[in-house]
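Going by the numbering used here, the first residue of the sequence shown is number 463, and it counts up by one from there.
Accuracy of the hints is not assured; some may be wrong.
[Said to hold, decoys possible] Estimated spans, in silico, between C-beta atoms of each pair:
(1) Ala-545 - Arg-517: 22 to 32 angstroms
(2) Asn-542 - Ala-493: 37 to 47 angstroms
(3) Asn-479 - Lys-538: 58 to 68 angstroms
In short, the hints are calculated from the structure, not lab data.
By construction, the Cβ of each residue, glycine as well, lies at the ideal position given by its N, Cα and C atoms.
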Amino acid sequence: MSTFTNTYSNDDNYFSNLGRATRAFLGALLASKPYSELAQKEVIATATSSADDERYVRPSKRDFALLNSEANRYEKLMPNLAAELRFLASRG
463 MSTFTNTYSN DDNYFSNLGR ATRAFLGALL ASKPYSELAQ KEVIATATSS ADDERYVRPS
523 KRDFALLNSE ANRYEKLMPN LAAELRFLAS RG
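Working from the sequences, and respecting the hints, build out all of it.
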């Protein structure tokens, strides 16, 4: 003869657990930082950066030659990598 025992209580049933899990999931999914924190970080970032840091420096011929020599080193081992390095060197 078999017996069946119910381990669920009225206070903590399946649907209340499901509701808590859903609320926790949605809270984690939709969580965002307060606007004041984001604004403060943006002010700090703009204060520390200057025009000299953002200036573009054109690569030299030496840099292109370095990429081509690296491509030659990897030609037999990884031909795809060598082709990618040559492509990067040709974009200059």
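Cross-check of the supplied hints:
Take Ala-545 and Arg-517: their Cβ atoms lie about 31 angstroms apart, and the range 22 to 32 angstroms holds. At about 40 angstroms, the CB distance of Asn-542 to Ala-493 agrees with the hint of 37 to 47 angstroms. For the pair Asn-479 and Lys-538, the beta carbons lie near 59 angstroms from each other, so the given range of 58 to 68 angstroms is met.
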